[in-house]
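Peer 1: Take a look at the letters that make up each chain.
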Amino acid sequence: MNGLIFDVSRGCVDDGPGYRTVVFLKGCALDCPWCHNPEGKSFQPEIAFDPAKCLSCGACQAACPRQRAHDLRPPTHDMGLGPRDSKPPAPGYGLRTPDSVVSRRSSGVSHQWRLGCTACGKCAVACPSGARRLAGEEYTVGALVDEVTADLPFFSGTGGGVTFSGGEPMARPDFVFECAKMLRARGIHVAVETAGFWPVQLVRKLVDGVDLILFDIKHVDARAFRKATGKDVSPVLKNLETTLASDLPVELRLTLIPGFNDSAADLKAIAKFLKCMPRMPPVTLQPFHRLAVSKQAIFDCAYPYAGARPVTRKELGTARRTLAREGIKTA
Amino acid sequence: MERLNPRIARMKKRLLSAPYEICMARALHFTRAYRETEGMDPNLRNAAALKRTLERQRVFILPDERLAGNATEKFLSCPLSVERGDFLRTLELELDVLHLKQRPFAISDDDRRAFVQEVLPYWDGRTVRDEKAREWERRGLIRTAPGLKIAVDGVVDAARYARYVGRTGLKTMAGAIRRAPLTIDRLKTIHRLRFELARNNPTPAAFCFDVQGHLSLGVDKVVARGMRALIGDARKRMEQLLPAGPDVSGKRNFLEAVILSLEAAIDFAARHADLADELVKKETAGAERRRLGLIAEHLRRVPGGRPRTFHEALQAVWIALVVGQIQYGTHEVFAVGRCDQYLYPFFKRDIERGILSRAEALALLQEFYLKLSTSVEPIPEVGMETNAVLGNSQRCVTIGGLAPDGRDGTNELSHLMLEAHDVMKGAINQLSVRLHSGSPPAFARRSAEVFRRANGIAFYNDDVIVKALLSDGYSARDARDYCVVGCIETSGQSDTHGCPGGHEIVLPAVLSLALTRGRLPPPAPGQMKGHDSGDPAAWRTFEDLAAAFRDQLSHQVSVLVSATAGKDLAYRRMLPAPYVSALMDGCIRSATDITAGGAKYDFTSIDVRGLATHCDSLMAIKLFVYDRRALSLPDLIKVLLLNFDGSEALRLRLVREAPKYGNGNAEADAMAFSVVDWVNAEAEKHRNARGGRFRVCFYSYGNHVIDGLMLSATPDGRRRGEPISNGVSPSNLFVPAAGPAGPMRAVANLPPEKVSSGVSLNMRFHPSFIETERGLDTYTGLIRTYFSMGGMHLQPNVVSTEVLRDAQAHPDRHKDLVVKVSGYSAYFCDLGRSIQEDIIARAEFGA
Chain G
1 MNGLIFDVSR GCVDDGPGYR TVVFLKGCAL DCPWCHNPEG KSFQPEIAFD PAKCLSCGAC
61 QAACPRQRAH DLRPPTHDMG LGPRDSKPPA PGYGLRTPDS VVSRRSSGVS HQWRLGCTAC
121 GKCAVACPSG ARRLAGEEYT VGALVDEVTA DLPFFSGTGG GVTFSGGEPM ARPDFVFECA
181 KMLRARGIHV AVETAGFWPV QLVRKLVDGV DLILFDIKHV DARAFRKATG KDVSPVLKNL
241 ETTLASDLPV ELRLTLIPGF NDSAADLKAI AKFLKCMPRM PPVTLQPFHR LAVSKQAIFD
301 CAYPYAGARP VTRKELGTAR RTLAREGIKT A
Chain L
1 MERLNPRIAR MKKRLLSAPY EICMARALHF TRAYRETEGM DPNLRNAAAL KRTLERQRVF
61 ILPDERLAGN ATEKFLSCPL SVERGDFLRT LELELDVLHL KQRPFAISDD DRRAFVQEVL
121 PYWDGRTVRD EKAREWERRG LIRTAPGLKI AVDGVVDAAR YARYVGRTGL KTMAGAIRRA
181 PLTIDRLKTI HRLRFELARN NPTPAAFCFD VQGHLSLGVD KVVARGMRAL IGDARKRMEQ
241 LLPAGPDVSG KRNFLEAVIL SLEAAIDFAA RHADLADELV KKETAGAERR RLGLIAEHLR
301 RVPGGRPRTF HEALQAVWIA LVVGQIQYGT HEVFAVGRCD QYLYPFFKRD IERGILSRAE
361 ALALLQEFYL KLSTSVEPIP EVGMETNAVL GNSQRCVTIG GLAPDGRDGT NELSHLMLEA
421 HDVMKGAINQ LSVRLHSGSP PAFARRSAEV FRRANGIAFY NDDVIVKALL SDGYSARDAR
481 DYCVVGCIET SGQSDTHGCP GGHEIVLPAV LSLALTRGRL PPPAPGQMKG HDSGDPAAWR
541 TFEDLAAAFR DQLSHQVSVL VSATAGKDLA YRRMLPAPYV SALMDGCIRS ATDITAGGAK
601 YDFTSIDVRG LATHCDSLMA IKLFVYDRRA LSLPDLIKVL LLNFDGSEAL RLRLVREAPK
661 YGNGNAEADA MAFSVVDWVN AEAEKHRNAR GGRFRVCFYS YGNHVIDGLM LSATPDGRRR
721 GEPISNGVSP SNLFVPAAGP AGPMRAVANL PPEKVSSGVS LNMRFHPSFI ETERGLDTYT
781 GLIRTYFSMG GMHLQPNVVS TEVLRDAQAH PDRHKDLVVK VSGYSAYFCD LGRSIQEDII
841 ARAEFGA
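So the protein sequences, as listed, match chains G and L.
Numbering-wise, the numbering used here puts 126 at position 126 of the first sequence, and it's gapless, one number per residue.
Numbering-wise, the numbering used here puts 761 at position 761 of the second sequence, and it's gapless, one number per residue.
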């Protein structure tokens, strides 16, 4: 059983207790326009290309089976036609939808070579500078578990462990559960960071299979949720409720997104919903940031939030107080 | 958290805004005393010079001060040790451009005149440096100067050297000279001093500076017994000297010098007391009268007698240290040892008797910290690039850790000293925190917490260090009572003459010499031709290369050992240290000065730099030349000498594809283990001039930046002029994908008994790493895990790149931002630009 992983990040402290290794699984059904890991959306491997690092040495061109890797001609409108070979539920991302054609133009760095690219990764191997990188590598359970176990002393010394994130790790439940089983057998704490959009039947296995769930709440309002993500909010809310009905440790994450969930009315609605839950775990309030701006060029993707202003300290404080008035304490 | 006491805030402001000055008083008194005592025993000459300075140097007591005593006549200056030679030459070279330095120094016209007319002419040819050079010439380490032959060679060498170092390197090295008008006099000075480089570096890969010091000064004895008791010891020892024993006159002279020096110190304190009495007469305000009265009372009692209170004990420590500074002079690097242990009985008693409040103790400690930082050194402009000026004499304070009996020694005072550091947002002096597996968790966590507001702390692992010291021959009690000296050097407390600083090997330069048959880096004027360790084209396997490297290393170490012996002999003949020896275990008993091997424990350290750059280079050669056979070694060397010009793709491959030390790669980490082993094996072969062993340490203060300036490109992908790696930290060329565990695992893997003199691991964390309580727990756990795996040392910086950049742009807003450099800590804005850049380039974890 394999998992498609686009990053393994070590020494993290924000994704659960202690010293953590975060495993980012590729692919997510939700299409949140503010997502700071846009490369986590597609379920297919992709080639990341950072023009700033490119030496124009031509090594990728020579390695490319199609000899097109370094075809840097400016984009034309008819380019948007050929959809990349990616299976659903990959959302509107990359060179697929008319929207992204528009965004390509706005970002100004689109390349002919992406058309028909199968992300075989040969150019990334050939690239000396790291301008080309394969985002999305297949890992077997054993390989991943062995790789992260190297930090075992640091996990046990700090109460840390492994966090599966994404993308949406629960879009690959079997892989995650199998890894979790082996990791826990070695005494490693396992957390899953999820947005909650997965079949409700999975909840039992999840609750039994991991030590901690970091649950990301985006919104509780169905219309707002659908408008932003393209999906129905009800499975998310149902999953949240069942998870909280168990006695598994859960931490809630609420990222403040400008214009989506940062108004007093939005926050009140969220608070109202949370208060009806079986229990109230700690809520971490995080501000939206624009770190994904640089990924526009690298993954040639649309990033509608490129122009959004970051959430200020003051706004964060206001939101914190709004939630507190509704009886929700945040960290 | 408590607010900073207004008195301390004023004193801190005074320290951070005072001008840097040159004070000629000590230099002048020493010059006159030495002129008058020519032909006498060197110990007695030194004691006479110290006595003269302590009797005549102007003393003063500043507003707010409750601990009195200053080593010079200026507030912020240093006692110039002209008799050593290094600072004499620096000052000679920069005398007309002191105001143009990156950090300008003021010098009065009188002082300038005295220096030019009286000090310089007397010391020409009479300094330790001159004697060291004569000794090196005798040993054939450097070429004899002057003479027509070397003059011609000098020009040729200089031209080659300039070509090699390149424009950037030369410009940086020229420093102030670049901006200053080149008058005939300055040209003459520069010409006269053109061989000075060879007097520090017998080879391009080895340094041997004119320093000694770097030890833990026995202030604990002054607190525990008082100087009069030590005088008594010396008198008794003198009576026991057998008239027919070996070198009896030398021993008698030494003991006499000890007595003279200690008496002079007691009288020096009394001069402060007299001054305080006089000031009291003019004072009407009650609080001021009490302050001055207390100073007078204390300084009549200590350092001669045993202190009665905590306040008096701190005063005793401080005045004993001031005298040490004056005796030894510039860059003495005297650690004050385990303050929380030897001051605790006083603290406890005063608290119990109700005569001291916690807040008072805290303020006194803070004043003490400020005092420890109150010194500046007129280091040469090239050194400025990499060094701090303010507080350069690192006066390490060690807290926590095991007591000599093996139990945990952490006490209430340890916590208070942490708090003092915290409330001050860091002080410049080193606060070294000792931890062991049985340390109270609250103490470990509290010391981690201090980083939220203050940098400048380093952590030491007793469990590993004590074992390493045992293997050096320390007794169990003495090993457990170790303290930290200078940057990171682990040493017995006031019982060790360890010479941990100033004898240095630059590994990447050794590798460069091995790869170029000893040709590059080219010899600077005065240096000998390099050692040929074989033709790289003939090396069939990586083992051949390793053998050639070890041959080159062996040559460099033996040159360094010989050079060190030359320096040590020069010290013994010209500049013993009777005052320092008086406070050192073993010296009075053996009636022998530290420079002659009188200390209870005697070592010399070889400080090795550039471990990561070197290991990564070896790994890159191994992979590209011998495993993949992507290119031949001579081709790679050509590319390096061209500074990767036109080979950027290859350079990036070397950086990205070759395994890197400190990045979770077992093979690269094992390479570091081998390199440490090789260096240690070379060090083991030799004994120092006093019969002591050579120990190895890995730290680089700021000099890895200078090494980088003088070194061509290296096989790890480092370009010409870029800094080499610092301490045992990974190279700055990459961001460890392995996270903070990568460097920690690599360092914990090094054999502690082979680096018993200390290693320095620098890691930079983003403040968000420890922002939350959970983050703080993780951080504390991380340090303890690293220690449980066998790590010796860690000095974290918790500061973000944004803040450091802002501090570069607006130094006024960040005057008190403290950072760890590589061993020592410094005010960031006081550092030279190159080292600032090096700190920013370090991987930032948790961002």
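What the hints contain is simulated information worked out from the structure, not anything from laboratory work.
Any given hint might turn out to be false.
What the hints assert, rightly or not - Far from chain L, some chain G residues (derived; all Cβ distances over 12 Å):
{"#": "1", "residue": "Gly18"}
{"#": "2", "residue": "Pro51"}
{"#": "3", "residue": "Lys122"}
Said to hold, decoys possible - DEER-style ranges, computed between Cβ atoms:
{"#": "4", "chain 1": "L", "residue 1": "Ala630", "chain 2": "G", "residue 2": "Thr318", "range": "52 to 60 Å"}
{"#": "5", "chain 1": "L", "residue 1": "Gly646", "chain 2": "G", "residue 2": "His36", "range": "37 to 45 Å"}
{"#": "6", "chain 1": "L", "residue 1": "Asp645", "chain 2": "G", "residue 2": "Ala143", "range": "36 to 44 Å"}
Said to hold, decoys possible - Below, a list of computed lysine to aspartate or glutamate pairs in the EDC-like style, where the Cα atoms sit at most 20 Å apart:
{"#": "7", "chain 1": "G", "residue 1": "Lys295", "chain 2": "G", "residue 2": "Glu326"}
{"#": "8", "chain 1": "L", "residue 1": "Lys425", "chain 2": "L", "residue 2": "Glu771"}
{"#": "9", "chain 1": "G", "residue 1": "Lys275", "chain 2": "G", "residue 2": "Asp262"}
{"#": "10", "chain 1": "G", "residue 1": "Lys227", "chain 2": "G", "residue 2": "Asp50"}
{"#": "11", "chain 1": "G", "residue 1": "Lys53", "chain 2": "L", "residue 2": "Glu648"}
{"#": "12", "chain 1": "L", "residue 1": "Lys282", "chain 2": "L", "residue 2": "Glu135"}
{"#": "13", "chain 1": "L", "residue 1": "Lys101", "chain 2": "L", "residue 2": "Asp233"}
{"#": "14", "chain 1": "L", "residue 1": "Lys529", "chain 2": "L", "residue 2": "Glu135"}
{"#": "15", "chain 1": "L", "residue 1": "Lys467", "chain 2": "L", "residue 2": "Glu684"}
{"#": "16", "chain 1": "L", "residue 1": "Lys638", "chain 2": "L", "residue 2": "Asp532"}
{"#": "17", "chain 1": "G", "residue 1": "Lys329", "chain 2": "L", "residue 2": "Asp551"}
{"#": "18", "chain 1": "G", "residue 1": "Lys122", "chain 2": "L", "residue 2": "Glu773"}
{"#": "19", "chain 1": "L", "residue 1": "Lys754", "chain 2": "L", "residue 2": "Glu648"}
{"#": "20", "chain 1": "L", "residue 1": "Lys467", "chain 2": "L", "residue 2": "Glu449"}
{"#": "21", "chain 1": "G", "residue 1": "Lys53", "chain 2": "L", "residue 2": "Glu135"}
{"#": "22", "chain 1": "G", "residue 1": "Lys329", "chain 2": "L", "residue 2": "Glu773"}
{"#": "23", "chain 1": "G", "residue 1": "Lys53", "chain 2": "L", "residue 2": "Asp645"}
{"#": "24", "chain 1": "L", "residue 1": "Lys188", "chain 2": "L", "residue 2": "Glu65"}
{"#": "25", "chain 1": "G", "residue 1": "Lys205", "chain 2": "G", "residue 2": "Asp262"}
{"#": "26", "chain 1": "G", "residue 1": "Lys314", "chain 2": "L", "residue 2": "Glu771"}
{"#": "27", "chain 1": "L", "residue 1": "Lys529", "chain 2": "L", "residue 2": "Glu543"}
Cβ atoms here follow ideal geometry from the backbone N, Cα and C, with glycine treated the same way.
Peer 1: Looking at the structure, which of the earlier hints fail to hold?
Peer 2: Hints 1, 7, 10, 12, 13, 17, 18, 19, 20, 21, 24, 25, 27 not satisfied by this model.
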